[in-house]
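Enquirer: Spelled out, the chains give:
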Amino acid sequence: MKPISRRSFLERSGTGMAAAAAIPALEAPTFQSRPLPAEERGREIHLKVNGKDHRLEVEDHWTLAEVLRDHLGLTGTRVGCDRGECGACTVLLDGKSLYSCSYLAVWAEGKEISTVEGLAEGTQLDPLQEAFIEHDGPQCGFCTSGQLMSAKALLNSNPNPTEAEARQALAGNICRCSNFNRYLEAVLATSGKGGSRG
Amino acid sequence: MVEELKTVGHSTPRIDGLQRVTGRATYSADVQLPNMLYARVLRSPHPHARILGIDVARALAAPGVKAILTHENCRLVWSSGDRVNKRYLFNNPVRFVGDAVAALAATNRHLAEEALKLIQVEYETLDFVLDAEEALQPGAVEIHPGGNLSPIISFRSTEPGKREPSTYVRGDLEKGFAASDFVFEDRYVSKHVNNAQMEPRVALAHWEGDKLTVWTPTQGIANCHRDIARDLNLALEKVRVVCQYMGGGFGNKNQCQDTDLMAAQLAKETGRPVKLELSRKEDFVCVHGRWPTSQNYKVGVLKDGTLQAIQMRGYSGMGPYRKSGGGISGVEYFRCPNVKTEIYPAYTNMAVSANFRGPPYPQGVFGIASILDHIAHELKIDPVDFYLKNVTRKFRDSIPYTSSGLLECIRQGAKLFEWKKRWHPAGSQQGPIKTGIGLAAGGFGASVGRSSAVLRLDSEGRLWLHVGVTDIGTGAKTTMALIAAEAMGIDMDKVRVISGDTDRTPYSVGESGSRTTSYTGYAIVEAAKDLKQQLAASGPPQGDEVLIAEATPSPRLEGKVRYSFAVHFVEVEVDTELGGVRVLKYLAVHDSGRIINPLTATSQVQGGVIQGLGMALHEELLYDENTGIPLNPGYYGARVMTHVDVPNVEVHFVETEDAYGPFGAKAVGEPPIVPVVGAVANAVFNAIGKRIKELPITRDKIIGAVS
Ligand code: FES
Ligand code: FES
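Respectively, the protein sequence lines represent chains A and B. For what it's worth, the numbering used here labels the leading residue of the first sequence as 1240, then goes sequentially. For what it's worth, the numbering used here labels the leading residue of the second sequence as 953, then goes sequentially.
Same shape as in the complex, but just chain A:
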């Protein structure tokens, strides 16, 4: 095979290849929230998410998960069941873990919400995130955001949990890839208690 110019190859293989090459930056993705059509008019609320203020119009029955994902573009909060069984949608509300699929957006008025997108500071990962990579926490990764946020809530209130305490705190976060023990290792390693089997 002869060397061919990169340009011609890029054209043949479609666009978007250059984007895949870039090392992903950690700043928030840009997202344009859409104006509500007439049939969806609701009430205006104020949400504080990852330290940023948002004013938006929501309908009373919209869940927090739905607003975060569809209206603020924060899709790192996953929805695995939409009925409070799996924990994929876990976020922090005033520092405590919460299933955002089972909480209405209007209830979050004036409260502080943290999502997985807010864990890293600038380009600096949270120690939990680093440990999750190092200990191979995510297999498919769909439960990962929820595991991270529950772990964060745990370490906020109990910086040195025992293994039993950590398992209990994460009990509401199912991982069907069943990488539970990896997640646990990562949490205990972050808490400075790696390997303790209390």
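Since the hints were made in silico from the structure, they are not lab data. Do not rely on the hints blindly, as some may be mistaken.
[As the list claims (entries may be wrong)] If the Cβ cut is set under 10 Å, some of the chain B residues that face chain A in the computed set are:
#1 Leu970
#2 Arg972
#3 Gly975
#4 Gln984
#5 Arg1010
#6 Gln1149
#7 Gly1161
#8 Ile1424
#9 Ser1555
#10 Gln1556
#11 Leu1565
#12 Gly1589
#13 Thr1594
#14 Val1601
[Claimed, not checked] Ranges between beta-carbon positions, derived for each pair:
#15 B/Gly1099 - A/Thr1401: 55 to 65 Å
#16 A/Gly1281 - B/Asn987: 16 to 26 Å
#17 B/Thr1579 - A/His1300: 29 to 39 Å
#18 A/Glu1360 - B/His962: 52 to 62 Å
#19 A/Thr1362 - B/Lys1372: 52 to 62 Å
#20 B/Glu1065 - A/His1293: 20 to 30 Å
Only a predicted model underlies this, so the values are computations on that prediction, with no experimental measurement involved. Positions of the beta carbon are idealized from the N, C-alpha and C atoms, including for glycine.
Take the given structure of chain A and dock chain B with the ligands to it, following the hints.
Expert: Same frame as chain A, now just chain B with the ligands:
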């Protein structure tokens, strides 16, 4: 022991770990397009009914509704939804609770859900049957014309289409039983359990002119691409399938899903992008789970435990549509001169059953491992010795394996587990809390075959690897990068993986059957050979130049069979008063050839074991026998394993040398679930001295057995 390599074989964090822990990984449901509509599906409340009429007028007039599909205006066939019968997107009659009746697109998901309630359907209910053996009784309601025995579709079968049980015979069963000192008979039953992957099914379809793009979670963009093009009667180049990140499937995202086709059709009719989302309950009932089985065994042995004859007659409940084989496997792990297995896959009005990790094995191993453990107990032979004597040396006692670490897995495992020290005769402990140990062996085909890879080396020394994998959680992207780095002799940080998009990657075998490493990984090795020759001939690329190499090898095994093997050892504690079973110690010993990435391979094994524990101890999709309605779809009802249920799982690899696959790597993902249920059932027997013959091994069954 395999020779050490530079990159392959060293624990390496996933190359996309950063995206996964920052929430930036884009799963199919995360994609939003301007002007997008949301779709929902109306489903049958009856297990079997004829639709007499559908009135969509009120729903069509509801706010935001743009289009509705029913069997009256949409006759598309979903070909991968049934390999025998014509399965339409919308069927009449409907054949299980959850069968699709209509799909509707509206400007948001709430309006779509509201409008569904306005569709009026008139049903005439029909008799229904839930159990496979009952479905085969004379007089049972026919779910498809021609009866409920589903025909042979096995890949290897010489007579596909015949309405006969799938049968395998070697030797002469009657002679074998006549030559036996003892003959044992028993029956084992396994249940329908759902794959329950965390990411529910979703599909986003978008037409640009006559080109269709579908964002969908799939285990194989190439399969899905082909399926969608075929069912919509489009040329392959008019369809693009994208799946950048994928939230698990364990077999239920192998094929195109009906949702892909419904979204495409609704998008076509409305001229707008359409996103169709399944609820968790729909995902449990309307995609598929593992097929339930009943297995009848008759086994003849000599006094010293040597197997003489094995007969198995089994029934698999496939639900009303035949998506996959329905086999019951496990007998082939044992050498025995006289064998006959007969499997009857039957249509029922339960949820559809098809592939779930290690498809025919966990349930089959439960059966055969249980009866053999029982025989070892009756003959007072230590199970480890029984296994060493009887496990397979050649596939079906005739075809050599390319490599086998099975005996070594048993030996090393027994030592690491301290089997002899922990062993006690079954039921010999006093007091209400008893411990017991058990083992089981199994494996999974590590086939080789056709797949492709494209390598592109630029003047900055970056190696762009184009492979059609989606990475279902196995770490395939990382595995592919490791293989490429090793084959080219470069560092991992020079490798860029382009994957998950049929417009940008060549064909890759679907990520099912533990094939990706052996198939696509091997294509990378072959492409790298070409690239290295080009480098040697023309030197490294300069400026705008790139070097490109492509390979699509179709390796063959030349009269051999290639298998990965697994032997699992478990110790349980059983509370005979409360019925609870707790796993105290678990050791999984695997021969998967060379391990490409010990970090992710260990995670795979741990995950498979824990899924297997759920199947052994908790999970079952229950039905109300009077109404044919599923009672417990969802995580809570299925009682899948959680952080507080899981034991520590020790993983040990016996790395055998194998002449095939990339650097001798064999299958990793499927095998770990295979022996789990059998091993746990045997450990429970060892603890309480009573055998539980029907899954799952729940409290009521333990208490029933000991009282
Ligand atoms: S998505 Fe909220 S608990 Fe499952
Ligand atoms: S990593 Fe797949 S569900 Fe947890």
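Enquirer: Are the hints correct? Go through all of them and say.
Expert: Taking the hints in turn, this is what the structure says about them:
1. Given the 10 Å rule on beta carbons, the hint for B/Leu970 holds: about 7 Å separates it from the nearest Cβ of chain A.
2. Using the Cβ-Cβ criterion of 10 Å, the hint placing B/Arg972 at the interface with chain A is satisfied: the shortest such distance is roughly 4 Å.
3. Given hint, B/Gly975 at the interface with chain A, holds; its Cβ is 2 Å from that chain's nearest Cβ, closer than 10 Å.
4. The criterion of a C-beta within 10 Å of any C-beta in chain A is met by B/Gln984, whose closest approach is roughly 7 Å, and the hint holds.
5. Given the 10 Å rule on beta carbons, the hint for B/Arg1010 is violated: about 17 Å separates it from the nearest Cβ of chain A.
6. A distance limit of 10 Å between C-beta atoms decides the matter here; for B/Gln1149 the minimum to chain A is near 5 Å, and the interface restraint holds.
7. For the restraint placing B/Gly1161 at the interface with chain A, the shortest Cβ-Cβ distance is roughly 16 Å, beyond the 10 Å limit, so the hint is violated.
8. For B/Ile1424, the interface hint holds, the least distance from its beta-carbon to any beta-carbon of chain A being 6 Å, beneath 10 Å.
9. The interface hint given for B/Ser1555 is met, as the beta carbon of that residue sits about 5 Å from the closest beta carbon of chain A, less than 10 Å.
10. Interface restraint check: B/Gln1556 against chain A, minimum CB-CB distance 7 Å, threshold 10 Å, status holds.
11. Hint status for B/Leu1565: holds, given a least beta-carbon distance of 9 Å to chain A, under 10 Å.
12. With its C-beta approaching chain A no nearer than about 9 Å, B/Gly1589 sits inside the 10 Å limit, and its interface hint holds.
13. Because the beta carbon of B/Thr1594 sits about 5 Å from the nearest beta carbon in chain A, less than 10 Å, this interface hint is met.
14. Hint status for B/Val1601: holds, given a least beta-carbon distance of 6 Å to chain A, under 10 Å.
15. For the hinted restraint 55 to 65 Å between B/Gly1099 and A/Thr1401, the CB-CB distance of approximately 59 Å keeps it satisfied.
16. Checked against the hint of 16 to 26 Å, the pair A/Gly1281 and B/Asn987 passes, with Cβ atoms roughly 20 Å apart.
17. Take B/Thr1579 and A/His1300: their Cβ atoms lie about 30 Å apart, and the range 29 to 39 Å holds.
18. Hint check: A/Glu1360 to B/His962, Cβ distance near 31 Å, so the stated range 52 to 62 Å is violated.
19. Checked against the hint of 52 to 62 Å, the pair A/Thr1362 and B/Lys1372 passes, with Cβ atoms roughly 55 Å apart.
20. Taking 20 to 30 Å as the suggested C-beta distance range, the pair B/Glu1065 and A/His1293 conforms, at roughly 26 Å.
The structure is inconsistent with the numbered hints 5, 7 and 18, although it conforms to all the rest.
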